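Could you slot chain Z onto chain V? The hints should help.
2 protein chains.
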Amino acid sequence: MSIGDDAALWHCKRGFQTVLTCDWFLEGTHFLKRLHPPASVGWKCLARAVSDVAAMGGRPCCFLLSLALPARSTGAWLRGFLRGLGRAIRTFDCPLVGGDTTRQDRILISIFVIGETPKGEAVLRSGAQPGDRLYASGRLGEAELGWRELQRQRSPSRPTSKALLKHLYPQPRLALAQWLRRNRLASAMMDLSDGLSTDLPRLCEASGVGATIELPLLPLAGPGETDEAVDRAVHGGDDYELLFTVRPSDERRLPKRYGGVPLTRIGLISKGRKILSVTGRGETKPLRSGGWDPFRAGRAG
Amino acid sequence: MSIGDDAALWHCKRGFQTVLTCDWFLEGTHFLKRLHPPASVGWKCLARAVSDVAAMGGRPCCFLLSLALPARSTGAWLRGFLRGLGRAIRTFDCPLVGGDTTRQDRILISIFVIGETPKGEAVLRSGAQPGDRLYASGRLGEAELGWRELQRQRSPSRPTSKALLKHLYPQPRLALAQWLRRNRLASAMMDLSDGLSTDLPRLCEASGVGATIELPLLPLAGPGETDEAVDRAVHGGDDYELLFTVRPSDERRLPKRYGGVPLTRIGLISKGRKILSVTGRGETKPLRSGGWDPFRAGRAG
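Line by line, the protein sequences give chains V and Z. Per the working numbering, numbering of the first sequence is gapless, rising by one per residue and ending at 293. Per the working numbering, numbering of the second sequence is gapless, rising by one per residue and ending at 293.
Here chain V stands alone, though its shape is the one from the complex (with noise of 0.2 angstroms):
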């Protein structure tokens, strides 16, 4: 594999298959330059592609990096950025193959992540049965904390709490969704990118079932209200923790946790289309989305 001819040359391994995805990270609609520092950047725009990968379950390889910057990025920022960059490549250990550069009026970042599963192992979004206990990694809610966090700081180059982390420089579950995968426990697998509002009905489209989320069994994050925190958890964005599916009789063979990752049961899979959400008094309502979704809201994050 080589950077500098027409494309970039791939061999896969015998006995697996390949997997592709690509991600925008776009200046003003991803990221602020004025907020998030060019390191979080560079890290962020490998870590969620990757995190894609790790959804079906797959080990990253390598990417493509398609990169469009004003003149006056070339500089300082740019250094930050490949900064961010080189210490996503080192952890994910998934090296630049190729690329394209243009010059535009603002940042525009679009990536490539090839990865790969043993053939026939990838864990799909479909997989999901009514009946299927729903479970989540991680704490929900915990990137949009550190989102908000981000908008009253000052000087957003020293992340102080664990959220403003975990929103400038996402963990994708590369491990735990490598071992759901090699101990076939999880039936169904995506990562939450936009939200488990917005995210969970894709699952069970993609499946053709509906879903109860139990909002008292949400691992929720940080300090405040609990209604404040049940609701970014709920429609909070740049998890990129997993959400997966587990059948009744698999049950007892998931920990409590994985790698320090809490694994936490928010609901069951059910007949039907129907996705509800009940609360801790009992009442019952539709989930509706109100996670992040770019062609409906214009907001960053």
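Check each hint, because a few of them may be wrong.
So these bits of chain V aren't anywhere near chain Z, every CB distance computed over 12 angstroms [what the hints assert, rightly or not]:
id, residue
1, R71
2, T152
3, G282
Computed list of lysine to aspartate or glutamate pairs in DMTMM-like fashion (alpha-carbon distance at most 20 angstroms, straight line) [said to hold, decoys possible]:
id, chain 1, residue 1, chain 2, residue 2
4, Z, K25, V, D97
5, V, K277, V, E197
6, Z, K154, Z, E220
7, Z, K5, V, E113
8, Z, K5, Z, E113
9, Z, K154, Z, E217
10, V, K25, Z, D97
11, V, K5, Z, E113
No lab work stands behind these hints: they were computed from the structure. Source: prediction; values computed, not measured. Just so it is clear, CB atoms sit at the ideal spot from N, CA and C, and this is done for glycine as well.
Below, chain Z without anything else, positioned relative to chain V:
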């Protein structure tokens, strides 16, 4: 392979290797919304990336599309774009397998093409040796001529000349490139996207060689003054012709045309690193890079 999961899955055939390439296609940089018909944008964004696969002697297999659109471009513009893209998909036999969409205030396209070549047979930029003959396919500067026509034209929706058609709907030289690879005729190869004077130095750099172009040999396009046509052939971008080198002993196996496309000897690979041009009067000058480099000039086309 399916759309709608976190990532797409790709199986590489045994004995083949995967070719990966990505390309920007941005409003205001690579096309102008007021001049370029949406069908041309749809065709060209895929054709350009497919041309990179062709340049390795590869066959395109599938692609991912990252698309950012303003709300006002989701109606008639998007339909025209998808019509042109659909025609390219059928022509190149290269289906869409995944992507990412978001909203922006201008049209941003990032394309990722996956192709294949028999293992070890990809034609690289780095194989040229002193003494090799330098060849180009087609007519050089033709797309540049078409771009100038487009700028003069009132109603851009009905292309009237071959040059304008080449600018709007370029044809990557897939069949020719694969034939050159199969017959081991090209020692090095790349596609001409930014213009001969910008791309030739890249091939020479990769091969560690120099080159001399004979200007009177250049296959010129269109009417007009010879000096202007030579200038377009040397510096004009967007032709997506093949630039390749041939060992002296292989030259007799190379036909004058392949599939109706002329193959023209335009110069010679030399020792050292100098890249020179020789005029009809025998004057030798360094070839100055004047092709389209988006970091140097902001023009579209």
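20 angstroms Cα cutoff - pair Z:K5, V:E113: 18 angstroms, holds
Pair hint outcome, V:K5 versus Z:E113 [Cα-Cα no greater than 20 angstroms]: With Cα atoms ~18 angstroms apart, V:K5 and Z:E113 stay inside 20 angstroms; holds.
Holds or violated: V:K25 to Z:D97, with C-alpha atoms at most 20 angstroms apart: Roughly 17 angstroms between the alpha carbons, so the hint for V:K25 and Z:D97 holds.
Least C-beta distance from V:T152 to chain Z larger than 12 angstroms: 30 angstroms, holds
V:K277 paired with V:E197 [C-alpha distance capped at 20 angstroms]: Between V:K277 and V:E197 the Cα gap is close to 19 angstroms, so the pair holds against 20 angstroms.
Holds or violated: Z:K154 to Z:E220, with C-alpha atoms at most 20 angstroms apart: Roughly 18 angstroms separates the two Cα atoms, so the pair holds.
Pair hint Z:K5 and Z:E113, alpha-carbon separation not exceeding 20 angstroms: Holds, at roughly 14 angstroms.
Pair hint Z:K25 and V:D97, alpha-carbon separation not exceeding 20 angstroms: Holds, at about 17 angstroms.
20 angstroms Cα cutoff - pair Z:K154, Z:E217: 18 angstroms, holds
Interface exclusion of V:G282 relative to chain Z, criterion Cβ beyond 12 angstroms: 17 angstroms, holds
Reported absence of V:R71 from the contact zone with chain Z (all CB gaps over 12 angstroms): Given a closest Cβ separation of 17 angstroms, the condition holds.
Of the numbered hints given earlier, the model fails none.
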